[in-house]
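Chains as they are written, first to last, in the working numbering: chain A, 2 to 472; chain B, 749 to 892.
Everything labelled a hint here was simulated from the structure, so no lab data went into it. Bear in mind that the values here come from a model prediction, so they are computed numbers and not experimental data. Be aware that one or more of the hints could be misleading.
[Stated by the list, open to error] Computed beta-carbon distance windows for the label pairs:
{"id": "1", "chain 1": "B", "residue 1": "D825", "chain 2": "A", "residue 2": "P44", "range": "36 to 42 Å"}
{"id": "2", "chain 1": "B", "residue 1": "R808", "chain 2": "A", "residue 2": "S263", "range": "53 to 59 Å"}
{"id": "3", "chain 1": "B", "residue 1": "R808", "chain 2": "A", "residue 2": "L266", "range": "54 to 60 Å"}
{"id": "4", "chain 1": "B", "residue 1": "Q851", "chain 2": "A", "residue 2": "E368", "range": "34 to 40 Å"}
{"id": "5", "chain 1": "A", "residue 1": "D268", "chain 2": "B", "residue 2": "A778", "range": "52 to 58 Å"}
[What the hints assert, rightly or not] Derived list of chain A stretches under chain B, where covered just means 3 residues or more per stretch with a C-beta under 8 Å from a C-beta of chain B:
{"id": "6", "stretch": "150-157"}
{"id": "7", "stretch": "232-238"}
{"id": "8", "stretch": "311-325"}
[Said to hold, decoys possible] If you want the ones that stay clear, here's a sample from chain A, every Cβ over 12 Å from chain B, calculated:
{"id": "9", "residue": "P177"}
{"id": "10", "residue": "M184"}
{"id": "11", "residue": "R187"}
{"id": "12", "residue": "T332"}
{"id": "13", "residue": "F355"}
{"id": "14", "residue": "L458"}
For each residue, glycine too, the CB sits at the ideal point set by N, CA and C.
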Amino acid sequence: MKKLVESSGVEVAFKEVDVVTTGTFGAMCSSGAIVNLGHSDPPIKIDQAWMNDVEVCHPGAAVDLFIGATNMSQKHQCEYGGGHVIQDLVAGEEVELRATAYGTDCYPRTSLKTILTKNDLNQFYLLNFRNCYQRYNCAVNSSDEIIYTYMSKLLPRFRNATFSGAGELNPLMNDPDYETLGMGTRIFLGGAQGYIIGEGTQHSPKNLNGTLMVKGDAKKMSPEFLQGASFTGYGTSMYVGVGVPIPILNEGLAKKTAIRDSAILTDIVDYSVPRRDRPKFGQVTYKDLKSGSISVNGKKVRVSSLSSLKVAKKVCQTLKSWIDEGSFFLTTPIERLPTETVFRPMRQTEEIPFVVSVMHPAVTCTEDEEISAIAKRIVTKSVNHIVVVDETCKLLGIVTSWDVTRAMAEEKTALADIETHKVVTAKTDEPLEVASKRMAQHNISALPVINIERKVLGIVTAEDVSKLLGR
Amino acid sequence: MARILVRFNEDQVSEPIASQIIIEYKVPLAILSAHINSKGGEIIAEVPDDILETVVKAFRGRGVSITVPKLIEVNSDKCFSCGSCIALCPVDAISLAADCSVQFDKEKCVGSTCSICVDACPARAIKSIKPNNNEASVNREKKR
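Produce the entire structure from the sequences given, and follow the hints as far as they go.
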C-alpha cells in the first residue's frame, strides 16, 4: 500500500487495495491468560496458586486463575515468569499447578498439586488489557552506571539507546482515527484469531499513544507468536504478535495506511531519572530508529529495537494469507473506541521524600590542602565526609574520616593518596529511597548531591535517611 | 590476524608480562578486552598471523596459559530477532540481515570475556561459554 500510494497516488491505491494488514511483535507486559481448571475432588476454593512456581492470581470463584505475564518464578526470578508459563502451555507442554486454600464446608480441600496441559483446561483465553502501543519512547541513560529497565539494558553516558514498536507497521498508526478498528474487530492474536474487546488501559489516542484490549483462544495459538521474555533486573514479560486488518473503505484510509516511519515521531527519554516525568532529549522518527543510530545532544548513539520487525512482518503476511484463502473474515466493529480519552497520572494523597528535602550543605576542601587541615575540619564541623572540589565548586573527589585515619596509620600526607575520585553521587530530584538504596549497594554512608554540570549542591548522608525514618 | 586468550593466575598478575613481550618481540598486540584483578585475569588480543607462534611461545615460556577463545553460543531456535543486542556490541559483531534476522559475525565477536549482550537478550538465546584450559590450543587451531 505504502509503495503504491507513493508511486500511483491515493486514488489508484484506493481502487486497487481492499485490505491492508498491519502487525507488531513486541514485549507487552500487560498481557495474561485466564484459565479454568475444573473442580478437584474433593473441591477446593483456591486461595493462592502457582504454575511452574510462578504465582498466579485467583480473580474469580474457586478454580479460575489469571496468569499475569510479569509474575516471576519464586526460584528463577526474571529467568522464568507468567509469560513463559503461557508459552509452555500454548506449546502443549506440561505445567505443574500447586494451590492452597483455607477450606470451607462447600470447598473442604486445603492443598492441591497436579500436572496440567492446555487440553486439561476448560478455558484458556489470552486476555491482554493493554497491547499494541501505537508508538513508544526511545530510551537512553545519562547516568554513570548501567541501568536495567523494561526498555532493556541501558549503558552509561548515552552509549546505547533502545526503542519499541513496529512504526509504520503498527495497527493503530495505520488507522489513527479508529475508523475501522473497534470493539468486536477480528484480529490476528498470537497465531490464532482473536478480537479487540475495547480500548486498552492507558489508551491515549489524542497524543498518538493508543492501546488495545484483546482476547483470543490461547489453545489455538502458536508459541512462535507468543513468547515469554526475560528482562534482567526488571522481570519477565511476554512478546505478543498482534495483527489487524484494515479495510480500505475510503480514500482517506488509503492515505492513512500509506504512513511511513519518517512521519512517526517519538521522544528520547532519559530512563536514569527515577521519576514519572523523565527528562527528554528531543524527538526522533522511527526511520532514524530503524537506521541503527540516532543523534542525542549532537552525539551519535547506536540504537536497537526491542520489538521484532521480522516477526511483525510475518504477522502481516500470515494474516494476509488467511484473508486470501478465505479462512479469515473481516468484521465491522460493534462499537468504536474512544478517541478523546487521556492517560492521567495517579492521585497521590501521601508525599514521599526526595533528596532535596533532606540534603544539607557539604563541607568541602580543595586538592592542594594538607591532610591535617582536613582532619581539623572533620572535627570542627563534626562531619565524616569532606567533598573535594575545584575553584568552580565542581566535584573532584571525596575524603572520609576513615580515609584520614588510614592516612595516619600508614603515614601518608598527600591528599591524592587517600582521596576517592570515583564518587557515587545523587541528584536533587531523586526519591530518597533510590539514593538510600545506592548507598547500601556501594556500602557507603554519604552521597554528594550534584547538578548536571557536576557542581556540588550539597550532601545526603545515611544519618539523614535514618533520621527521616525515625520521625 | 589471530585472536588469543591469555589467562593469568594470581601470582602472575603483578608482573607486566604482556608489556614485556610487546617490547621484547616488538609485537603490535591489539588488546580487545582485558579483565584483571589481584586474583588473576584474562586478556583477549589480536596478533598478526606471522608472529603468532612466537607470541604463544613467549607467553607459555613465562608460564602463562594461552588459548583461542571460544565464542558465545547463539540458539537460533530461541532468538526471535528483536535485535536488542545490536547496539550493545562494542565490536559491531551483530547486525540485521536484509530479512530482519539478527546475525552474529563470529570473526568479529570477542567472545565470553565481553558477554555484554548475554543478559540483555529477552529470549535468553545467547549463552556465554567460559573457556577452559583444555580447549583447542593455538597450534591445533591452525591445522584446521
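Comparing the hints with the structure gives:
Look at D825 of chain B against P44 of chain A: about 41 Å separates their beta carbons, and that is inside 36 to 42 Å. Against the hinted window of 53 to 59 Å, the Cβ-Cβ separation of R808 of chain B and S263 of chain A comes to about 57 Å, which satisfies the hint. About 58 Å separates the C-beta atoms of R808 of chain B and L266 of chain A, a value consistent with the hinted range of 54 to 60 Å. Judged by the Cβ atoms, the range 34 to 40 Å given for Q851 of chain B and E368 of chain A is violated: they are separated by roughly 50 Å.
For D268 of chain A and A778 of chain B, the Cβ-Cβ distance of about 39 Å falls outside the hinted range of 52 to 58 Å, so the restraint is violated. For the stretch 150-157 of chain A, the proposed coverage by chain B is satisfied: 3 residues have a C-beta within less than 8 Å of a C-beta in that chain, meeting the threshold of three. For a cut-off of 8 Å, the count of residues in the stretch 232-238 of chain A with a CB near a CB of chain B stands at 3, and the three-residue condition holds. Only residues whose beta carbon comes within less than 8 Å of a beta carbon in chain B count, and the stretch 311-325 of chain A has 3; three or more means the coverage holds.
At the 12 Å boundary, the C-beta of P177 of chain A stays outside the reach of chain B, the nearest C-beta of that chain being 24 Å off. The Cβ of M184 of chain A lies farther than 12 Å from every Cβ of chain B, with a closest approach of about 30 Å, so its non-interface assignment holds. With a cut of 12 Å on Cβ distances, R187 of chain A stays outside the contact zone with chain B, its closest approach being about 25 Å. With a minimum CB-CB distance of about 29 Å to chain B, T332 of chain A clears the 12 Å threshold, and the non-interface call stands.
Interface exclusion of F355 of chain A from chain B stands, the closest Cβ pair being 30 Å apart, more than 12 Å. Consistency note on L458 of chain A: stated as away from chain B, and its beta-carbon is indeed over 12 Å from all of that chain's, at 33 Å minimum.
In terms of the numbered hints stated before, the structure departs from hints 4, 5, listed from lowest to highest.
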